[in-house]
Every structure is written in structure tokens, then in C-alpha cells.
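Could you slot chain B onto chain A? The hints should help.
There are 2 protein chains.
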Amino acid sequence: MADWQVVSGGITAPKGFKAGGIAAGLKPSGSPDLALIVSDVDAIAAGVFTTSQVKAACVDYCRQRLQAKPSARAILCNAGQANAATGAQGWADAVESAQLTGQALGISPELVLVASTGVIGQRIKMEQMRSGIPKLVETLSDNGSDAAAKAIITTDLVTKSIALELMLDGRPVRVGGICKGSGMIHPNMATMLAFVTCDAAISPHLWQEMVSRAADKSFNQITVDGDTSTNDSLIALANGESRTPAITESGAESDKLEAALTEVCMHLAKAIARDGEGATCLIEVQVSGAPDDASARQIARTVAGSSLFKSAVFGRDPNWGRIAAAAGRAGVPFEQDHLRVQLGTFLLMERGQPLPFDRAAASAYMKQAAAGAYLQDDTVLVAIDIGSGSGSGMAWGCDLSYDYVKINAEYTT
Amino acid sequence: MADWQVVSGGITAPKGFKAGGIAAGLKPSGSPDLALIVSDVDAIAAGVFTTSQVKAACVDYCRQRLQAKPSARAILCNAGQANAATGAQGWADAVESAQLTGQALGISPELVLVASTGVIGQRIKMEQMRSGIPKLVETLSDNGSDAAAKAIITTDLVTKSIALELMLDGRPVRVGGICKGSGMIHPNMATMLAFVTCDAAISPHLWQEMVSRAADKSFNQITVDGDTSTNDSLIALANGESRTPAITESGAESDKLEAALTEVCMHLAKAIARDGEGATCLIEVQVSGAPDDASARQIARTVAGSSLFKSAVFGRDPNWGRIAAAAGRAGVPFEQDHLRVQLGTFLLMERGQPLPFDRAAASAYMKQAAAGAYLQDDTVLVAIDIGSGSGSGMAWGCDLSYDYVKINAEYTT
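Protein chains in written order, with the numbering used here: chain A, 37 to 449; chain B, 37 to 449.
None of these hints come from the bench; they were simulated from the model. Treat the hints with caution; some may be incorrect.
Copies of one chain are not kept apart here, so a pair can be met inside one copy or by any two copies together.
For lysine to any residue, the following SDA-like pairs were computed, each having C-alpha atoms within a straight-line distance of at most 20 Å [as the list claims (entries may be wrong)]:
1. K442 x A330
2. K442 x T316
3. K63 x T195
4. K253 x D39
5. K105 x T175
6. K403 x K442
7. K51 x L141
8. K442 x S399
9. K51 x K292
10. K161 x Q389
11. K292 x R279
12. K161 x V131
13. K403 x I443
14. K105 x P240
Chain A on its own, in the form it takes in the complex:
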């Protein structure tokens, strides 16, 4: 039994958070493109950012801010221009964006974090930012999560949002999140962005550890095309407005909060994979029997990212050979005689040997899973055991379709 329940409200579900989103004229399409998340009081802030050597100014800016002080009141996010590969001017634009937001909110600019998504190599349209930010502040509201979620997407087909409520010390605490991402998107578009809010009170050190671990189990375990973007960011704020006792050390209460935070991150991560460019279904790969959890996650990620396996899923082909081959090349040593592979309820391979199975029925499972008939969602489930220990982990991806190639090849800049 989960220790939480799903509630509405997204990032404004936790107490003391407001959000808003407007069309500020940054996207050529005129769609919403500027979002703001604000905490009523200073919140503990933790971040996880792209590991790419080529990174956006906003990533450098947030890293620097959070190193100086793990605290924030606001997150400003623009869509349309990634502000990556924009040099010193890009940095100045990020700084000015934070300053404009601080002025409009009447808070120190040091408490404003910034994020960008859009075309790499393009500066943020600062004129539109200067006129847009004050208007954006006027739209902030207790139920502004959807507006913010809409304003951060680029070529995503759907917005992505979740909120959970759990009990800490007998009082309700909420964790909410929104995110965007759909591959490293056409043309030159990029970025997975996720923003999480929480009204628990927690020490900065514990919060950052918790957020990093949650990211490892969620956002770091999804793959649409294996391409890490220049702007990938997860920023999580905890403002203490639930008035629950401050969590200052690891224990039962911190474990409960971390479980809910991880669930929020996994929900958002899966939503990105499901909305992957050209995807017709979500693929979940569960790995057990690994020497440790990190090894299990590595194998899961390799299988979920295999172009051959992804193509097979698009073709509804129960191709155990590609699953076994991908597991084998993941860089984790195991005895192939211990390999076990299951697809949905179909056992395809045991002790390293292929088993007879009803190929038509397994293909039908993939078809129906993709159509959303199983598991109450559109998930094709692969379970792998390598018989080498008790480590386990999951990863998520999507199938590789004609539309992926079309989106990334035909719509040239």
C-alpha cells in the first residue's frame, strides 16, 4: 500500500505555492511560453542538472546560485529559446531575467532560479521578457499549475503534472510536480525540465540527497533517443508551509517523504517517455537479480534504449533475442546461463535458453498494451533477471517509429 494519495493541483497543491503562465511572444507560434512558480516564503531548493559539457546559461546560473545558498523563492522558465551556446551574452540574459523577476516580485534576485528550453544557439528574446515578466507576476494564483505546465512545453503533445498527499507526524504534506520533454526535440529543440514543489520542512542537505536519489530512479532512467540535452534540469523547492515538524535527519518520516517525492518524479519521468517523439507506447524494463541497484538500472536503461528492441516493440514483435543481446552489452557482468526474460506474462527465456511460447499471443499483448488495454495504461512490460544478486531497478522508454525519424529528419530547419 502506498503511503500517499493522488490529489489535484500540480505544483500549487502544496501549501504556500503560486504559479502562472502566459504567452509573452517568445515562441513564434504565439503559444504560452513564460512560466513562474513562486513560494510565499523562502524554500529549501535542490537541483539536478545536465551532465553535458555543452550546457545552457541557466544551468550554470542555477548551479552557482544553489552552491552559494540552497534557498529560493521563485523559478522562472521560458520556452522558445534554449539560451545554450550563447556565450557571455547568454549568461547576462540569464542574470537579467532573474533580476527582472526579483524586481516584479519585490524579492532579492538571488532567490530567483531560471530555466530555458527551445532552440539551441538562440538568445532569449529579452524585449519580450522585459514586458512579459510583470504581466506574468499578475497572473500568479493558487491554481496556476496548469497554466505554468502549458507555458513550459515545446513540441510535447500533452502537459505533464502530478501531486500527492502523504501524512507526516499526523499532518498532511503535499508534493507536486510539472515537467516537459519529448526527445531532444525538432529542430534543435532540447530539454527535459521538471519542477517539484513540496510544503514539508526539511534540512537543505537531506532535501538535495533525496532529490538526487529520486532523479536517479526516475529522470535518469528514461530514454527517448539516448540524447542528453544542454538544458536538462530538475529543481525542487520545499517551503515548510505544511507546518509539519522539520525533518533534520534520516528516519521513518524522511523515508516516507522520499518515497512520495520519488513517486512524483517517476510519474513525471514516465509521462515524458510516453510522450516521446513518435512513440506509440511506453516501455517499462524491470531488472532484478543484479549485483546492486545501480547495475540493475544500467541494464534496464540499456534495454529501454536499444534501437533494435524499440523497433521490435513498434512492430509488436516479441523479440527476446534483442532483449537478451541488449542486456548482455550493458557492461554488467553476469552468467548468461542465469538469464531470465519475461514480456508481460510471457516467459520468453529461462536459464539463458529460449522457451517455446505463444508468439501470436505475445504479439497481441504488445498490441493491446500499446492500445492501453493492460495495466490501465499503455505500457509494454519487460522483466529481466540476471541471477547475480539482489539489486533491482527500472527504466522507461518508448518504441521507435517512423514518426520519430519523420519528426527528426523531415522537419529540417
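Same frame as chain A, now just chain B:
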């Protein structure tokens, strides 16, 4: 100036080698499917094999043989069944195949290496092997390279072969090679196989080192879909029949031989990438300015393997953002302000900043390169400098097309 010239004859170009290939009834199509390469005398043998944990019986067999003694007279290769994930019976079939070949040739079975390619999980059709091997031996000839090259392919569109002649101590020495591979091929098909022959005399230790280094610069630097197969093997024989002085230590002569061997391996590796499933062109990624050669090769491989970049090449889109993003996530630290990216003769990025360039002309270059108008072949050239040292390296791939998805999704088993 290269120290060698291209000659005809493939693997039978070096002195003292014969080859042959027949249709033994292993492939349902009735195409040639059984090949044999034989040296007149014991040859020094070196091998490089798949690093996958899930590997074929033939890979285990060859590793064991070469560890016991780095010497061989013959390589038998069957196409149609991969003999991977076939357990103890698969091992017994590999052993019997070597024994049958040894009997038919009148040599010790310990001098016979075996290789397989085809459907994973399927045993070799041993009845056909028992009747086929004696017939195959009868076809062995001094100009049997093409017959052998035809009998090792699966869904490859073309055979792949090369031979070079160089002078060592004033006498001609030849290095020849054939290979197969076109992705990890439909349905459940797998494998890159390469066989190299050489008539130089060389010590086993030097030969294995040379072969490993050549593989690192060639076969380990190509990617069609990032999937390592269960059967990947490079086997290289050196039989001394050129009667040139034995190379027993590193020096000018061994360097010359290694350069020619590396060229043979690079030619064959590029031929595989060019024949990648669904490919319309070859992509060559040259990386310089890296801390060391291994780092350079890692970046080159990451860019050549990026689905986003591969899709852009298929769309003839000079998408520098995807090149920069892929370089950035390769795991090699560098200053993004030092990044330089060139496509053909078009400088797209310098000091980490995008440059203005003639987009239509760059796209036209990609179109014409793909049509084979540039560089006398069908290569799209990307040059990247990360300004962090003197390490350099190359990798090869192909574009990602609708046909890749079609081949791997539609033709279900």
C-alpha cells in the same frame, strides 16, 4: 603517402591461403551459407570478440582455442544460425564443426576456428554441416575469397573485401580481409564477422597486440544502431608465407605492417557502416583536440551513434546543435567555449558559438555527399575539435532512415 597499394584477391591475396564457399542448406533461402579459409601452413592467430555477456558458442570456443595456443590453419564460418543462447548443445555443435573440418582437411581439429551468424537461439543445422563440409573443402582455391565473402553474409546488401600489398625488408607482404554485418539484423539476426589473412611472419604476441589496436580504431568505432551482437568476431591469421624476416619486436617494420592491417580493418569497418540497415550514406566523424586518442574516439563514437544526429543527416539538415549536444554528453570533460564543429568544408561553430553559414549550401553538400559526389564516396564528414589536447580519433556510422525502422519493425518473426 600510404606505404601500400590495393591489390585484388581479398583473403586469398596473401600467399599460402585458400578459401571457398558453398550453399550447404543452412539458410532457408538456399543462398551460400558455409565458408572456409585455410592456410597451407600453421598460421599465427589473433582474435577480438564480442564483449557481450550473452555470447555464442563459437565465441567461447575461439577464445578457449586461442588461449591454449595462438595458432590455426582454418576458419569455418556458417551463416543462418547464430548458435547463441543454445547452451551445452550449442557448444557440442561448435566442437563437432571443428572436428568435421579437421577430418576433411586432414589436420588437427585444434587448428580449426569456428564462427557463426544468423538467428539467435537456433542451433546450427548439423546434418547439413556433416554433408556440406567435405564438399566445401573440395571448392577451396587460390581465388576463393569472393565465394567465402558471399557465404558469410546474411542481410548485407553487398559483400565486403579488401587486400593491400606493402614492402617489408624489400619484399612484398599482403594483408587481406573480408567481413559481414549490417546492423544487428532482422529477425533476430546478428553479428559482425571479419576475417583477415596476412602472409607476414610475426610473433604471436605482437600480432595479437596489433590486431587489438587495429580493431579499436576500426570495428570498435563503427555503429549502426549501438547494438553489440552475441557473435561479433575478428579473427586474423598470419602464416609467414611471404618469407619475409620474422617480426619479433616493435619497430619500423612492425609499424608498417600495423598501418596496413589497420587500413584493411578500417576499410572493412566502413563498408559495414555504409551497408548499415536502411543507410543512405556513410558518416565519418573526426575528433581532434582531445586529452587522448581514446577520449577522441569516445566522442566520435557518441556523435556517430546519436539517433538525433543520424536522423538529421537523413533529412540533410546541417544541425550543429545535435552535433554539439552529442559531443557534450560523450563523457569526456571539455570547455564548451573551445568547441569547434565543421561539416564538410562548412564551419558551423567556433569557440562554442554558432557561426553564420550558408544553410542551403551545407544541406546541398550533405545531399551530394550522400549521392557519392564528394570525396569519391558517399561520406558526410563531420570534424570536431574540443581544444583540450592532441588526442584524435575517428568513428563511422550511417544515417537513420525510415527503412531502418521498417527493416527492424515490419519484418516481424
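task: Measure nothing new, just compare the shortest in-copy and cross-copy C-alpha distances for K51 and K292 to 20 Å and report within, between, both or neither.
output: within (18 Å within a copy, 73 Å between copies)
task: Can you give me the call for K63 and T195, within, between, both or neither, at a CA distance of at most 20 Å?
output: Answer is within; shortest intra-copy Cα gap is 17 Å, inter-copy 50 Å.
- request: Check K161 against Q389 for me: Cα-Cα at most 20 Å, and say if that holds within a copy, between copies, both or neither.
  value: Intra 58 Å, inter 18 Å, cutoff 20 Å: inter-copy only.
- prompt: For K105 vs T175, is the C-alpha pair at or below 20 Å within one copy, between two copies, both, or neither?
  reply: So K105 and T175 fail the 20 Å test inside a copy (28 Å) and across (77 Å) alike.
- prompt: Is it within, between, both, or neither for K403 and K442, if the alpha carbons may be no more than 20 Å apart?
  reply: Cα proximity of K403 and K442: across copies only (17 Å, versus 22 Å in one copy).
- prompt: Can you tell me if K51 and L141 fall within 20 Å by alpha carbon in one copy, between copies, both or neither?
  reply: Classified as within; 19 Å inside a copy, 83 Å across copies.
- prompt: Taking 20 Å as the upper bound on the Cα-Cα distance, should K161 and V131 be classified as within, between, both, or neither?
  reply: This pair counts as within: shortest intra-copy Cα distance 14 Å, inter-copy 69 Å.
message: I want to check one pair: K442 and T316. Are their C-alpha atoms no more than 20 Å apart within a copy, between two copies, both, or neither?
response: Both ways: K442 and T316 sit 14 Å apart in one copy and 15 Å across, limit 20 Å.
message: Reference check for the pair K442 and S399, CA-CA at most 20 Å: within, between, both, or neither?
response: Between copies only: 17 Å across, 25 Å inside.
task: Go through the copies and call it for K292 and R279: within, between, both or neither, with a Cα cutoff of 20 Å.
output: within (16 Å within a copy, 75 Å between copies)
query: Which holds for K253 with D39 at a C-alpha limit of 20 Å: within a copy, between copies, both or neither?
result: Result: close within a single copy only, 18 Å intra versus 53 Å inter.
- prompt: At most 20 Å between C-alpha atoms: does K442 with A330 qualify within a copy, between copies, both, or neither?
  reply: neither (34 Å within a copy, 34 Å between copies)
Against the hints set out earlier in the document, violations occur for numbers 1 and 5.
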